[in-house]
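Spelled out, the chains give:
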Amino acid sequence: MDLLLPEVGTLIWMLIAVGIVFFILIKWGFPMITKSVDQRKEYIDASLEKAEQANSRLEGIRQECSELLDQARKERADILQDAAKLRQEILQNAQQESKEQGEKIIAQAKAQIEQEREEAIRSIRAEIATLSVAVAQKLVEKDLDDTSEQKDLTNKLIDQIVR
Amino acid sequence: MKKSGYILLLLLVLLVPSGQVMAQASSESDEKEKVDVKDVIFSHIKDSYSWHLFSTNNRHFSIYLPVIVYSKEMGGWSAFSSRRLEHGAEYNGYHISETSGKVVYTNGEGTEVRPFDMSYTKVAMSLTINALLLLVIVLCCGRWYKRHNQPSDKVPGGFVGFFEYVVTMVSDDIIKPGVGPEYKRYEPYLLSVFFFIIMSNLLGLVPVFPAGANVTGNISITMFLALCTFIAVNVFGNKEYWKEILWPDVPVFLKCPLPLMPLIEFFGILTKPFALMVRLFANMMAGHVIILSLTCVIFVTAPMGAAINGSMTVVSILFMVFMNMMELLVAYIQAYVFTMLSSVFIGMSRPHGHIDKKE
Chain A
1 MDLLLPEVGT LIWMLIAVGI VFFILIKWGF PMITKSVDQR KEYIDASLEK
51 AEQANSRLEG IRQECSELLD QARKERADIL QDAAKLRQEI LQNAQQESKE
101 QGEKIIAQAK AQIEQEREEA IRSIRAEIAT LSVAVAQKLV EKDLDDTSEQ
151 KDLTNKLIDQ IVR
Chain B
1 MKKSGYILLL LLVLLVPSGQ VMAQASSESD EKEKVDVKDV IFSHIKDSYS
51 WHLFSTNNRH FSIYLPVIVY SKEMGGWSAF SSRRLEHGAE YNGYHISETS
101 GKVVYTNGEG TEVRPFDMSY TKVAMSLTIN ALLLLVIVLC CGRWYKRHNQ
151 PSDKVPGGFV GFFEYVVTMV SDDIIKPGVG PEYKRYEPYL LSVFFFIIMS
201 NLLGLVPVFP AGANVTGNIS ITMFLALCTF IAVNVFGNKE YWKEILWPDV
251 PVFLKCPLPL MPLIEFFGIL TKPFALMVRL FANMMAGHVI ILSLTCVIFV
301 TAPMGAAING SMTVVSILFM VFMNMMELLV AYIQAYVFTM LSSVFIGMSR
351 PHGHIDKKE
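If you read the sequences in order, they're chains A and B.
If you read the first sequence in our numbering, its first letter stands for residue 1, the second for the next number, and so on.
If you read the second sequence in our numbering, its first letter stands for residue 1, the second for the next number, and so on.
Please note that a few of the clues may not be correct.
What the hints assert, rightly or not - Restraint ranges, calculated between C-beta atoms of paired labels, are given here:
1) B:T111 to A:V8: 17 to 23 Å
2) B:F159 to A:R62: 58 to 64 Å
3) B:Y165 to A:D2: 38 to 44 Å
4) B:T271 to A:N55: 51 to 57 Å
5) A:D2 to B:E86: 33 to 39 Å
6) B:L329 to A:N55: 43 to 49 Å
7) A:I16 to B:K184: 48 to 54 Å
8) B:D153 to A:D2: 50 to 56 Å
9) B:V289 to A:V8: 21 to 27 Å
Read the hints as simulated data drawn from the structure, not as lab findings.
Being a predicted model, the structure only gives us computed values, none of them experimental.
Built from N, CA and C at the ideal position, the CB exists for glycine as well.
Next comes chain B alone, as it looks inside the complex (with noise of 0.2 Å):
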């Protein structure tokens, strides 16, 4: 108790100057150099052309993305690097939109039409990133088990040791109860998705290059993952599966003439990948959100004077430290909850004898 007292000290103390300065250097500037706050942050949470690293007093230091794009009446294809569009400059006729902050072309009518996109944005490279690390990860504590292939071997330590903890747990806790007998042949293709969300919420609150990008916060990121677990159901499901959605087992007039179960049923194979999609993306993003609006306050009150600045800051500070923690929490618990619902819908579209136990 009383050890935290001084630290809360030592912050005030540390921060109260830093804060008069920052007050002074805004006071000094003109007024329109506020703080957006709302642009700071959706600037992160969305996707963007070039990945900003840092910033010195007035120069940007970034990594300009390749952009390409498709429109048939540009010409076909084209791709260039971003750094030429910076600034709302045009190159071929292409010009980022102020209002979408997507890459545009001007038409003969002077609106702004999207071409087709597919340039390789920060969320692109930041994903290939994660990827690229967990087959790197993965691989080489396999490489230890293809080393160690007698079953009399030691049991690994160290990092393969702790990884292999981690598989395990999530093969038995999520994935073994929530499949069913059938678990192995899923097995590989769930912990994948589990280690590609842990390891991309985890990275995601790195805040430095080459993590730090908002990866499973991005509503494409989570739109195929579901869709991956939705092709796993309704593509592997069995005959029992479909039979319960068709033909499900309640009285004949809620199917019959009018198919109101059929249709409540069908919806039901659409929602559970949208709930799926919506939540990881939901909690991610409203995670980054956070500690973005938390960082934010301080230079918010920076003009507020030194008193507020200050004590703003350590509040702050406290907070940001505080979610952080949450966010690591969140992390694991969205990798875990999105694993464990695609198991059980899994598990779901392969019913063993369900429907003659009943009767």
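Chain A with its partners taken away, still in its complex shape (with noise of 0.2 Å):
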């Protein structure tokens, strides 16, 4: 029965020794770990605070960025399509250019043509004068009485001046 009969003696030494103990770690010991811990919670939460910032701030960039490469994207596109339209432009011209110059110079040549042949049957035409003169001459040095007979003459006078 005394088991359940609380001692005086053990009790004082309880409240000597543990007393004594709980009292250094309610003060000290206790606090100074939960404290550590609330601190590195803290910490923590402040890190996982600034991470989901830097997060949002880099999403903001990355959307920034894309749209920087989208309007670079567009900018390059009409920039191409304009260089385009210019080649087209250019080589149009130089087409049309091209085309004049050549008919120009086909026109020139076709004078040139034209005047040379005027010029060498001019030259002809003087050439055939002057053998006409010759064959007449010879023609007329020799009898002329025969008309049939002038006549292959003449022909046979040609063919030799011409050959």
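Both chains are sitting in their own frames, so use the hints and assemble them into the complex.
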């Protein structure tokens, strides 16, 4: 039965030993640990928040980047389009010009050819005239009696001359 | 399955011869050498003036602790070693009573009277060791935190990490939900109680010196702890707590002419710590008694022959291993329950707008 009765002596020793130990633990021991744990918890929370902020900022930057990229792409496309148009234009112009030039050259050539032909014809004519004069001279010099003979002779002479 | 069978067989083979030897020894010696189970168990779970370490054939090795008593009749204080009271010897008029096992003196009428006894007994020494061990552990862990006081420092590993894990577990699982918003104020006390109880419980399971004393299975110890909680509840209880006790939220006839409800509430104040005290005491004491009883089975069955003794030894050891596992669990659960109920009682003593909210 005395198992169930508290001992005053034990209580006193308990009060002394455990009282002192509890006092130290309550005053310094456990607060030291819990304070550190709490501080670390706060630090972790703050770090998480910071990370979250950084993440959102990064997200913003990424969006900005993609916007910029889109814009750049668009600009590039515009520029390319412009360039193509310009090229087309230049090509067209060049073609036009070359065509005109060619036509001009052809026309010149034609004119020259015409001129030369005319000149040739003129010279041929002159030659023919001189030849005919010479033929005529020869014919005159020869006995001119038969017209057919004359004709043959003329032809023969022309052949000779031309050849 | 097969493995455990082998182990059983091995145990049987090993234990049967030893049982035989014991049986022989017991048959050779006198009948009065019988094991007194009750005495063995009670001498362990009760407090004593010396700390028995071990015995060889005929010699006992003990630590004799100081006896400190005060009695007006015997001329005031006296302090001496308990060695002088061994085997019923008398010293300074004091001797250890046969019936109660306490230091007494015989007064003029021939009756045994107990003096005021504040001897440094086995339990007192054991609780001092436990408390100091706890202090050393906590302060060592605290020193780690002092050295690593930047919040960006690494998380502790090893023992400090384990200790921190337990501290945060107790704090988050027991104290915070129990006490409520003002838990910070009570946290160190509740942590101290938790760790003191679990340390004492666990050290009580270790059978060799300096552990092994039945500390938390002693009612004085649990009474002290319950008193601490009682003080924490009632001294720091706020106005609303006292209002709920003295003028609870019930129909007037239950409290006006005859203070029925206040009376019940008042008993509630006392029964709460009482329940705390008895629960821890009974659980821890019962655990010690069961393990000791199972140990005694081996020695009680020794005279009954080798076969019975051998088989009972195996059974006893299997049960003892099981009970020790169980007690490990109980050591934790009892510390947990004591802390949890303490925090709930403390939480109840600081209600916040509880009454206003209801109406």
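We went through each hint and held it up to the structure:
A C-beta distance of roughly 20 Å is found between T111 of chain B and V8 of chain A, which places it inside the suggested range of 17 to 23 Å. As the Cβ distance of F159 of chain B to R62 of chain A is approximately 46 Å, the hint placing it in 58 to 64 Å is violated. For Y165 of chain B and D2 of chain A, the Cβ-Cβ distance of about 41 Å falls inside the hinted range of 38 to 44 Å, so the restraint holds. The hinted range of 51 to 57 Å is satisfied by T271 of chain B and N55 of chain A, whose Cβ atoms lie roughly 55 Å apart.
Judged by the Cβ atoms, the range 33 to 39 Å given for D2 of chain A and E86 of chain B is violated: they are separated by roughly 21 Å. For the pair L329 of chain B and N55 of chain A, the beta carbons lie near 45 Å from each other, so the given range of 43 to 49 Å is met. The given range of 48 to 54 Å is broken by I16 of chain A and K184 of chain B, whose C-beta atoms sit roughly 28 Å from each other. Distance hint check: the CB atoms of D153 of chain B and D2 of chain A are about 53 Å apart, consistent with the given range 50 to 56 Å.
A hinted range of 21 to 27 Å holds for the C-beta pair V289 of chain B and V8 of chain A, which are about 25 Å apart.
Comparing the model with each earlier hint shows violations of hints 2, 5 and 7; every other hint is respected.
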